[in-house]
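2 protein chains.
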Amino acid sequence: MTLPEITSEPLLPRGVKDFLPAKAAKISFLAETALELFRRWGFRPVVPPSLEYLDVLERGMGHGLRDKTFRFDDRQDGKLIAFSPDMTPQVARIVATRMHEMPLPLRLCYSGRVLRHAEQQSGKDREIFQVGVELIGLQSPEADAEMIAMAIESLKAFGATTFTIDVGQVEFYRGVMAQLDLPESDLRALQALIARKEVTGLTRLLDTLTLPAAVREEVLVLPRLFGGREVLEKAAATVHNERSCQALANLRQVLAVLATYGLEEYVTFDLGELRGLDYHSGITFQGFLPGLGRAVCQGGRYDHLTARYGYPAAATGFAFDLLNLLSALDLVLEHAAEQTTDVLLFQSGADKQAAQKIAQALRERGYSAARDIIPRSLDESLAYAKRMSFRHVLVIEAQQPEVRVIWVDDGHERTISLQAILDGDVAL
Amino acid sequence: MTLPEITSEPLLPRGVKDFLPAKAAKISFLAETALELFRRWGFRPVVPPSLEYLDVLERGMGHGLRDKTFRFDDRQDGKLIAFSPDMTPQVARIVATRMHEMPLPLRLCYSGRVLRHAEQQSGKDREIFQVGVELIGLQSPEADAEMIAMAIESLKAFGATTFTIDVGQVEFYRGVMAQLDLPESDLRALQALIARKEVTGLTRLLDTLTLPAAVREEVLVLPRLFGGREVLEKAAATVHNERSCQALANLRQVLAVLATYGLEEYVTFDLGELRGLDYHSGITFQGFLPGLGRAVCQGGRYDHLTARYGYPAAATGFAFDLLNLLSALDLVLEHAAEQTTDVLLFQSGADKQAAQKIAQALRERGYSAARDIIPRSLDESLAYAKRMSFRHVLVIEAQQPEVRVIWVDDGHERTISLQAILDGDVAL
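Listed in order, the protein sequences are those of chains A and B. Positions 674 to 1101 (our numbering) are the ones given, in order, by the first sequence. Positions 674 to 1101 (our numbering) are the ones given, in order, by the second sequence.
To be clear, the hints were calculated from the coordinates, so they are not data collected in a lab. These figures come from a predicted structure and were not determined experimentally. Watch out, some of these pointers could steer you wrong.
What the hints assert, rightly or not - What the simulated footprint calls covered on chain A by chain B, stretch by stretch (three residues with Cβ under 8 Å from a Cβ of chain B suffice, anywhere in the stretch; the number is not a length): (1) 836-849; (2) 994-1002; (3) 1057-1069.
Unchecked claim - Heads up, incomplete: computed chain B residues facing chain A, CB under 8 Å, no partners named: (4) ARG713; (5) TRP714; (6) GLY715; (7) VAL719; (8) PRO721; (9) ILE767; (10) PRO778; (11) ARG1036; (12) TYR1040; (13) SER1041; (14) LEU1055; (15) TYR1057; (16) ARG1060; (17) ARG1064.
We put the CB at the ideal spot given by N, CA and C, even for glycine.
Bound conformation, chain A alone:
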């Protein structure tokens, strides 16, 4: 059998993938585990649409995402339509326009896919699988701590053992930078050097600028403010502007709540970077697993986003990137999302009724059972069962009161009574 010319070219656009059963089961496991945990924390689902009017969506999007948005003219009313690149602005719109009469706080969660253009050759996914939560109406550091605690508990539930939640505070950074009365080009150059943690280059650039000594020190310390808890003390020793100091106090409060949860060990800090999205207004955080540079989750406080849709409310939230989780946890998930089917039913003879009834009884007890409808020999069925990871083959002979159960992995077998299976009285 020859495949046509189609296989000589890439079959799929860049940045999207097919997921076959082994990976697909892991994606389902991750999404279901997260959603079940969110449910236990009192969060309820919302489903935003894939399509939005571009102008409505852009109210809530940062500049960074605007360029990455898939958009097109709608045939129907001539307006520009966008495929959402981020579900948080959508949930903010839903809260502001459709749930503003509900009492606060609102605890909402979602699971879905968004689309983002990625730079060519970047190898980045353009289709992003997100599962996340939004907590609307709470200003307190406890709400931010709840987000971080949920991220940590979710990662544990996925089976991750080693991970860090890297916490920042956009107001700390903004407090330092707001003191600089510099041309836009100098500011950009400074930000780029800080982001790349290039201390030598930063020092050299600062030497060419006229800044008060205290301010210069605050800028210069930024790329060094990453690591463990000691970062907060290091920051407090050098940075004295009021906005940054309030941000530090807020960070300490969040950390204190996490300590009562017993979760502070997972937290690291990075105050020298603006890693949140444009709408973030306080704490931000990203989750990292060993061996993967990309974050597996990110989130933070965004107190001004729902106001863009007409309803001011404090808010905080975060989302997992399921494909990044899949990359980092592929082996760990091998067991959790095992791809086996419990039973393949093999029946010789024309009367299929017994096989159908047995299948029905097994399914009612929660077992997975497929019938081998193809006419073939038992040996061929066993080979199929092995290749497709079935655990057992049940051999049913018409009119016989017993069935043979064959263990596919080692071939051992025993006979059990057909009636016992029909009565739901068998553990496989």
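We have chain A already, so just place chain B on it with the hints.
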């Protein structure tokens, strides 16, 4: 608080919706129930991407869907990209190009959203939530019966009690029509009259055409061939061309398998219509619930679709339309997808540790528990709990060995030991 001008225009493009928690929970329930049932029948998940190259996707799409496909130029490589309007061609492509070395049969399932342009003013959804299965590699009527049985078992699992699965056979219809050596315009006119079951108009048109008497009778009976089992006899009495007779024999075989499943009572027939998609090649079926004209599921045999991607294999499958199910079963699902949270934790005083530990212990037992972080009075918390459908409020006083449990619906309460909750020893 005033909403800005944004609410004076429609916030969302036509044909898409926001789903708030009550509806979103029902959609989740439907998808999860179907996927769990599919798992028990031995089906394994695949996840096709949202984006495909248009030319690749069009190989597997019928003409009917081509016009409804959202498409745009890809910035990256200049090729036309499409948002899939139907997942079956995608699964066929995946099977043909990435799973052709696996032994057959393959049992695959999926859950996702597709997009279709709809005629303006039709009020139809443009975003369609599909959950479905494909069974690849089996030619036998038992495979088609498996699809119909799974559709019926799923509908029962959703809580539906009254429904019909309306079965057709595209080969029966095509067998009749293939005998007509008529201009395309006459054929179209005939098909339109048959589809609308306009017997008088059909008779009049046939009077103007020169056809053998037997063929004329076969065409004329088509719009009458819908209803119960007797339809098969009625068809056999009038229609004698070989292709249609084989289709009838196939229908009888499928019905016989369904009879051994004990499911024939749900089946009706409609042989006078081509309701399948362009790729269907045998049995087709649609599921209907009372009060909804649109089908809640549809499927059928498509033996020539994977070959379009280079791998010929018999196949059959079906998918649920979750939003149509939601419309038809909204009330039935009220209980299954109940939107309550078990516990709201109210703690006075500054020490929140007890509340956090209680929340943790409850969540570990599977309860949903949210902390009331907002500083407010117990009366205010109770009002919030009532409005947001919490079942209990737990009142925790610092340093006290007991907590008060208040039933939100009727206000009665009792005290329970804090230690018992921490030990997981309480049923709420």
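Status of the hints after comparison with the structure:
Only when three residues or more bring their CB closer than 8 Å to a CB of chain B does the claim for the region 836-849 of chain A stand; here the count is 0, and the claim is violated. Judged by the Cβ-Cβ criterion of 8 Å, the region 994-1002 of chain A is not covered by chain B as claimed, because only 0 of its residues qualify and three are needed. Counting residues of the region 1057-1069 of chain A whose beta carbon lies closer than 8 Å to any beta carbon of chain B gives 3, which reaches the threshold of three, so the coverage claim holds. Nearest Cβ of chain A to the Cβ of ARG713 (chain B): about 4 Å, under the 8 Å cut. The hint holds.
The interface hint given for TRP714 (chain B) holds, since its Cβ lies 6 Å from the closest Cβ of chain A, which is under the 8 Å cut-off. For the restraint placing GLY715 (chain B) at the interface with chain A, the shortest Cβ-Cβ distance is roughly 3 Å, inside the 8 Å limit, so the hint holds. Here the hint on VAL719 (chain B) is kept, as its CB sits about 5 Å from the closest CB of chain A, short of 8 Å. Using the Cβ-Cβ criterion of 8 Å, the hint placing PRO721 (chain B) at the interface with chain A is satisfied: the shortest such distance is roughly 6 Å.
At a threshold of 8 Å, the smallest CB-CB gap from ILE767 (chain B) to chain A is about 5 Å, leaving the interface hint in force. At a threshold of 8 Å, the smallest CB-CB gap from PRO778 (chain B) to chain A is about 7 Å, leaving the interface hint in force. This hint holds: ARG1036 (chain B) has a C-beta 4 Å from the nearest C-beta of chain A, less than the 8 Å allowed. The beta carbon of TYR1040 (chain B) comes within 7 Å of a beta carbon in chain A, closer than 8 Å, and the hint placing it at the interface holds.
With a least beta-carbon distance of about 5 Å to chain A, the hint placing SER1041 (chain B) at the interface is held under the 8 Å criterion. A hinted interface residue such as LEU1055 (chain B) counts as satisfied when its beta carbon comes closer than 8 Å to some beta carbon of chain A; here the least separation is about 11 Å, so the hint is violated. Residue-level restraint check for TYR1057 (chain B) holds (minimum Cβ-Cβ distance to chain A is 5 Å; threshold 8 Å). The beta carbon of ARG1060 (chain B) is positioned within 8 Å of a beta carbon in chain A (closest approach about 5 Å), and the interface hint is therefore held.
Using the Cβ-Cβ criterion of 8 Å, the hint placing ARG1064 (chain B) at the interface with chain A is not satisfied: the shortest such distance is roughly 11 Å.
Hint check: violations occur at hints 1, 2, 14, 17; the rest are consistent with the structure.
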